[in-house]
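Peer 1: Put chains B and C on the given structure of chain A with help from the hints.
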Amino acid sequence: MTETLVPFDEALTRYDPVMGLEIHIELNTATKMFCGCPTDFGAEPNTQVCPVCLALPGALPVVNAKAVESAIRMGLALNCKIAEWCRFARKNYFYPDMPKNFQTSQYDEPIAFDGWVDVEVDGETFRIEIERAHMEEDTGKALHVGGSTGRIHGADFSLVDYNRAGIPLIEIVTRTIEVPPEKAPAVARAYVSYVRDLIGGLGVSDVRMDQGSLRADVNLSLKPKGSTVLGTRSETKNVNSFRSVERAVRFEISRHAGILDAGGAVLQETRHFQEDSGTTLSGREKSDADDYRYFPEPDLAPVSPSREWVEELRATLPEPPAVRRARLQADWGFSDLDMRDTIGAGALDLIVATVEAGTTPQAAKKWWLGEMARRSNEAGQDIDALGITPQQVAEIQALIDAGRINDKLARSVFDGVIAGEGTAEEVVVSRQLEVVSDDGALGAAVDRAIEGDPDAAAKVRAGNLGVAGALIGAVMKEMRGQADAGRVRELILEKLS
Amino acid sequence: MSEPVTGISRDDVVHLAGLARIDLSDAEIDHLATELPAILEHVRSVQEAAGDDVPAMSHPVPVDNVFREDVVRPSLTPADALAAAPASDQQRFLVPKILGEE
Amino acid sequence: MTDLTRKTADELAQALSAKEISSVEVTQALVDRIGAVDGAIHAFLHVDAEGALATAADVDERRARNEQLSYLAGVPIAVKDVLATKGLPTTCGSKILEGWIPPYDATVTAKIKAAGLPILGKTNMDEFAMGSSTEHSAYGPTHNPWDTTRIPGGSGGGSAAAVAAFEAPLAIGTDTGGSIRQPGALTGTVGVKPTYGGVSRYGLVAMASSLDQAGPVTRTVLDAALLHELIAGHDPMDSTSIPDAVPAVVAAARRADVKGLRIGIVKELGGEGFQPGVQARFTEAVDLLTAAGAEVVEVSIPSLQHALGAYYLVMPSEASSNLAKFDAMRYGVRVPPTGVDDPSAEQVMASSRDAGFGDEVKRRIILGTYALSSGYYDAYYGSAQKVRTILARDFASTFADVDVLVSPTSPTTAYRLGEKLDDPLAMYLGDVATIPANLVGIPGLSLPVGLADEDGLPVGLQFLAPQKADDRLYNAAAALERLLEEKWGGTLLSTAPELETVR
Numbered sequence: 001m002t003e004t005l006v007p008f009d010e011a012l013t014r015y016d017p018v019m020g021l022e023i024h025i026e027l028n029t030a031t032k033m034f035c036g037c038p039t040d041f042g043a044e045p046n047t048q049v050c051p052v053c054l055a056l057p058g059a060l061p062v063v064n065a066k067a068v069e070s071a072i073r074m075g076l077a078l079n080c081k082i083a084e085w086c087r088f089a090r091k092n093y094f095y096p097d098m099p100k101n102f103q104t105s106q107y108d109e110p111i112a113f114d115g116w117v118d119v120e121v122d123g124e125t126f127r128i129e130i131e132r133a134h135m136e137e138d139t140g141k142a143l144h145v146g147g148s149t150g151r152i153h154g155a156d157f158s159l160v161d162y163n164r165a166g167i168p169l170i171e172i173v174t175r176t177i178e179v180p181p182e183k184a185p186a187v188a189r190a191y192v193s194y195v196r197d198l199i200g201g202l203g204v205s206d207v208r209m210d211q212g213s214l215r216a217d218v219n220l221s222l223k224p225k226g227s228t229v230l231g232t233r234s235e236t237k238n239v240n241s242f243r244s245v246e247r248a249v250r251f252e253i254s255r256h257a258g259i260l261d262a263g264g265a266v267l268q269e270t271r272h273f274q275e276d277s278g279t280t281l282s283g284r285e286k287s288d289a290d291d292y293r294y295f296p297e298p299d300l301a302p303v304s305p306s307r308e309w310v311e312e313l314r315a316t317l318p319e320p321p322a323v324r325r326a327r328l329q330a331d332w333g334f335s336d337l338d339m340r341d342t343i344g345a346g347a348l349d350l351i352v353a354t355v356e357a358g359t360t361p362q363a364a365k366k367w368w369l370g371e372m373a374r375r376s377n378e379a380g381q382d383i384d385a386l387g388i389t390p391q392q393v394a395e396i397q398a399l400i401d402a403g404r405i406n407d408k409l410a411r412s413v414f415d416g417v418i419a420g421e422g423t424a425e426e427v428v429v430s431r432q433l434e435v436v437s438d439d440g441a442l443g444a445a446v447d448r449a450i451e452g453d454p455d456a457a458a459k460v461r462a463g464n465l466g467v468a469g470a471l472i473g474a475v476m477k478e479m480r481g482q483a484d485a486g487r488v489r490e491l492i493l494e495k496l497s
Numbered sequence: 001m002s003e004p005v006t007g008i009s010r011d012d013v014v015h016l017a018g019l020a021r022i023d024l025s026d027a028e029i030d031h032l033a034t035e036l037p038a039i040l041e042h043v044r045s046v047q048e049a050a051g052d053d054v055p056a057m058s059h060p061v062p063v064d065n066v067f068r069e070d071v072v073r074p075s076l077t078p079a080d081a082l083a084a085a086p087a088s089d090q091q092r093f094l095v096p097k098i099l100g101e102e
Numbered sequence: 001m002t003d004l005t006r007k008t009a010d011e012l013a014q015a016l017s018a019k020e021i022s023s024v025e026v027t028q029a030l031v032d033r034i035g036a037v038d039g040a041i042h043a044f045l046h047v048d049a050e051g052a053l054a055t056a057a058d059v060d061e062r063r064a065r066n067e068q069l070s071y072l073a074g075v076p077i078a079v080k081d082v083l084a085t086k087g088l089p090t091t092c093g094s095k096i097l098e099g100w101i102p103p104y105d106a107t108v109t110a111k112i113k114a115a116g117l118p119i120l121g122k123t124n125m126d127e128f129a130m131g132s133s134t135e136h137s138a139y140g141p142t143h144n145p146w147d148t149t150r151i152p153g154g155s156g157g158g159s160a161a162a163v164a165a166f167e168a169p170l171a172i173g174t175d176t177g178g179s180i181r182q183p184g185a186l187t188g189t190v191g192v193k194p195t196y197g198g199v200s201r202y203g204l205v206a207m208a209s210s211l212d213q214a215g216p217v218t219r220t221v222l223d224a225a226l227l228h229e230l231i232a233g234h235d236p237m238d239s240t241s242i243p244d245a246v247p248a249v250v251a252a253a254r255r256a257d258v259k260g261l262r263i264g265i266v267k268e269l270g271g272e273g274f275q276p277g278v279q280a281r282f283t284e285a286v287d288l289l290t291a292a293g294a295e296v297v298e299v300s301i302p303s304l305q306h307a308l309g310a311y312y313l314v315m316p317s318e319a320s321s322n323l324a325k326f327d328a329m330r331y332g333v334r335v336p337p338t339g340v341d342d343p344s345a346e347q348v349m350a351s352s353r354d355a356g357f358g359d360e361v362k363r364r365i366i367l368g369t370y371a372l373s374s375g376y377y378d379a380y381y382g383s384a385q386k387v388r389t390i391l392a393r394d395f396a397s398t399f400a401d402v403d404v405l406v407s408p409t410s411p412t413t414a415y416r417l418g419e420k421l422d423d424p425l426a427m428y429l430g431d432v433a434t435i436p437a438n439l440v441g442i443p444g445l446s447l448p449v450g451l452a453d454e455d456g457l458p459v460g461l462q463f464l465a466p467q468k469a470d471d472r473l474y475n476a477a478a479a480l481e482r483l484l485e486e487k488w489g490g491t492l493l494s495t496a497p498e499l500e501t502v503r
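The listed protein sequences correspond, in order, to chains A, B and C. Its first residue numbered 1, the first sequence is counted upward by one per residue in this note's numbering. Its first residue numbered 1, the second sequence is counted upward by one per residue in this note's numbering. Its first residue numbered 1, the third sequence is counted upward by one per residue in this note's numbering.
Chain A extracted, bound-state conformation (with noise of 0.2 Å):
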């Protein structure tokens, strides 16, 4: 079935976009959130599991305390009310890689809700309300094998691990978003990007898109212009990056715009969206699974946070993040452009931390929202997945500083780096990037400069200064790039005085 996509632009002359985002946290407290069993990354398959995450006869489950608290602090800092009183719910479907075949969840009462957070979008601020965070948990994982050949029944089949099952998650569920059309996708983005510093900041969870600790589902419907009724929504999973999200966005309002400017119905569906091509592919119908046969969990007792606890965890939340900003926009003298650009390209703790580790502002804010920003680009992730982190950055700068390589040799040092051949200060020796200072070489090197071309010498021996560039080129390119370009330039001017 070939879909017609309406570009983004024309289907936003005909239709509004209606957004709702859902956000899953995983929380790095140390064990499950019903079971004692560690949620350690990576451990082998099934090694992390019990007769309670395994969903044996006659298991129970016990609510992790920690979990408890860090969702209370989400909440808080999610600007939430904190529920005085709140249950646990069964939501039930099957699914092989959920082992009781109901995920244990919160349903009509979430432990936070009523909430806002504020976004901003070149200068613009929106404000995202928050109708809820509660608490659920995770599922295994299966890996899906395909059929080999060569066998007459090639069966496909799964092999699940239940490592990651019962895993603590927070799920925030935004009230639908209507903001200026031709900038929802942007201010998608902006909330889930704020959302991962905002809580990232708690210390509840490494909140990393790329690693699953902090998933986005994006839920989207068209109303036709000067309408008041809301379009079937369509939900976009599987967008592992702040770009993808602003990307599932604009392509899912060309798709819906395309069906409806068809006369055709959007389907109520899951979707799954593709990072290669930006697109997304139609997943299972939503029917027969809307039908979760909620009910209250009969083993778990209730939740009743007392009013002095969540004070006592209030009083634990570090400083708002418009706060932290304008502090850290004062500390660094940044222009409010130069804090707009940092905030738009996600990059404020990367600079936070490169500050740390030694480099001034602006030189960390020049590396990334330059040299990070374009290769970030050009690689298609996020600039905190490039493999490059602050300290690196820090080392780098350092050695610019210290005079050993200049900027266009950084280049050479990041690829090293990131290709992880070492530490910055390894790569520079293994790829033998260091500056040469010293001046009996580089004085040789002009010698063969002056030597090879006697006219522009002349002419600077006349005056001419200028023309200096050339014999600067000369020596530079058979030094490939290791020498210091205004060192260069004295001995030239020396030699030729």
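Among the clues, some could well be false.
[What the hints assert, rightly or not] Partial chain C-side listing against chain B, Cβ under 10 Å, derived:
| id | residue |
| --- | --- |
| 1 | Pro102 |
| 2 | Leu211 |
| 3 | Ala328 |
| 4 | Ala345 |
| 5 | Leu367 |
| 6 | Tyr380 |
| 7 | Gly441 |
[As the list claims (entries may be wrong)] Anything over 10 Å on all C-beta distances counts as not near chain B; from chain C, calculated:
| id | residue |
| --- | --- |
| 8 | Val286 |
| 9 | Val296 |
| 10 | Ala379 |
[Stated by the list, open to error] With a straight-line cut-off of 30 Å between C-alpha atoms, the simulated DSSO-like cross-links for lysine-lysine are:
| id | chain 1 | residue 1 | chain 2 | residue 2 |
| --- | --- | --- | --- | --- |
| 11 | A | Lys141 | B | Lys97 |
| 12 | C | Lys95 | B | Lys97 |
| 13 | A | Lys141 | C | Lys86 |
| 14 | A | Lys91 | B | Lys97 |
Hints are computed from structural coordinates only; laboratory data are not their basis. Don't be surprised by glycine CBs; every beta carbon is placed ideally from N, CA and C.
Peer 2: Quick look at chains B and C alone, frame taken from chain A:
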């Protein structure tokens, strides 16, 4: 919901069997379609029994805030975990292909 | 030597402690008894003679070294097959768990093991505890030792029959709607459902999470108290387990004094629908209590008319969710669909569940799925949970005026095997007196009070007490037991027909 609800049709039984993932035979469906309405008739008095002001009970003996500390406890060995698996491979549970991809 | 199999657990404990007998002797005698009669009774699904004797030998050795041992150490016990026992098959009476060996112990199992009670084996039950006759076991029914053409009650018919047939002095049962108490009544044994949360449910394969409780199945009230004290107590692995200390049930059983005790006869749990012989023995028993100084009144709890309805909505609903885990992916039998090449996981789940679950289980799963489903939740599950609140309030206010409540445990004596199999509704009606206790979480005890005139079969009287007042049950029941045995000149079970033994 003011209208008392009774009655469960054969189609209902088929739908419910799907939700419950039980592959009932036609005979079983027919049988249940005859039995269940009688049972439901018997239990329907509960619909009128309690007013809106009565809270639903979910725990007969009240307890709340039952937690455990975030401290690691011993897990099962993979051998024990997989011992009863109908099929396994590479220390994982081998299950037939899953139709609906998540 | 006197027949060790006829001894009560208390008698055995004393004799063991005095080193008059060894645990190995007792255990062997019971293993032999099982071998002799269980062919006809079929109380056991699995007998672990080797394991039981090993435990017995170990206890004997520790006793010889004068180690401090638990009071019941060395007294053998049978465990209903719904509780996880590490290394021993645990089938829950179902084909779907045929051959499943749990890699862990239920908390109750762990307590029994820690106390040094040899576990004789696992007893038969209605599949996943759904039933009132043990006829819904996938492995064949258990037969009532009083008349082997009749049911022993259910779902815990195996534990009750084992104790009634002198195959074990003690057994563990579980009770969701009467599954300990009703078999107790039908087999002339003592059965107790503790206060909800009083005994850990960790490792008790769940049927209805808010109703299930494990409890003692014995021949005497004192034995039940001793076992109750052993298995009860807070468990951090069970979030619904109550933090309270175990009530002083043994002291209460020894006190056995009903002078001044206010007893309420529940009007709605008697009369029409109750067999005359059952009613007669019940009334006589209550008269005995009056004569012993109890103050007996009639009480009425009109909301009880909705109790059966509420139960048969709450229980299947919770069970339908609890049984979803049996999907042939991680354990249990996997039965692929016939005539399907390369079936999907969903198809294998559905065919395995159809093959592995019996009719009664399927019936309740479908009913429960319906009661929870969208559009029906408020009318069914939601309403049923409200009825529980009403019942709880009514029981609480009734208990303001009386200390314990009484009723016949079961409307009838043991009916014949096969009699009610085709009429599930008729079978459900037999639970009318026992299910209220589960709905409101209060403790209940069934005590044998005689034989019905019409058929010479055992009749049970049920005591009910407020939440956490389990000790009141034991005090009243022990008093009544003493009065009855004085009247009879012996125990009721000693009048049971001798079973044919197989050598």
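Peer 1: Taking the hints in turn, state whether each one holds.
Peer 2: Hints, one by one, checked against the model:
Restraint check, C:Pro102 versus chain B: the minimum CB separation of about 9 Å is within 10 Å; hint holds. About 8 Å separates the beta-carbon of C:Leu211 from the nearest beta-carbon of chain B, less than 10 Å, and the hint is met. Look at C:Ala328: its Cβ gets to within about 6 Å of chain B, closer than 10 Å, so that hint holds up. Checking C:Ala345 against chain B: minimum C-beta separation of about 5 Å stays under 10 Å; hint holds.
With 10 Å as the threshold, the beta carbon of C:Leu367 comes within range of chain B, its nearest partner Cβ sitting at about 6 Å, so the hint holds. Taken as an interface hint, C:Tyr380 checks out: its beta carbon lies about 7 Å from the nearest beta carbon of chain B, inside 10 Å. A hinted interface residue such as C:Gly441 counts as satisfied when its beta carbon comes closer than 10 Å to some beta carbon of chain B; here the least separation is about 3 Å, so the hint holds. Chain B leaves C:Val286 outside its interface by the beta-carbon criterion, the shortest separation being 27 Å against a cut-off of 10 Å.
In this structure C:Val296 is separated from chain B by more than 10 Å, as the shortest Cβ-Cβ distance comes to about 27 Å. Not every Cβ of chain B is farther than 10 Å from the Cβ of C:Ala379; the closest lies at roughly 4 Å, contradicting the non-interface assignment. Annotation: proposed proximity of A:Lys141 to B:Lys97 holds, straight-line Cα distance about 14 Å (limit 30 Å). A C-alpha spacing of about 24 Å is found between C:Lys95 and B:Lys97, which places the hinted pair at or below 30 Å, so the restraint holds.
Annotation: proposed proximity of A:Lys141 to C:Lys86 holds, straight-line Cα distance about 27 Å (limit 30 Å). Restraint check for A:Lys91 and B:Lys97: satisfied, since their Cα atoms lie roughly 23 Å apart, inside the 30 Å limit.
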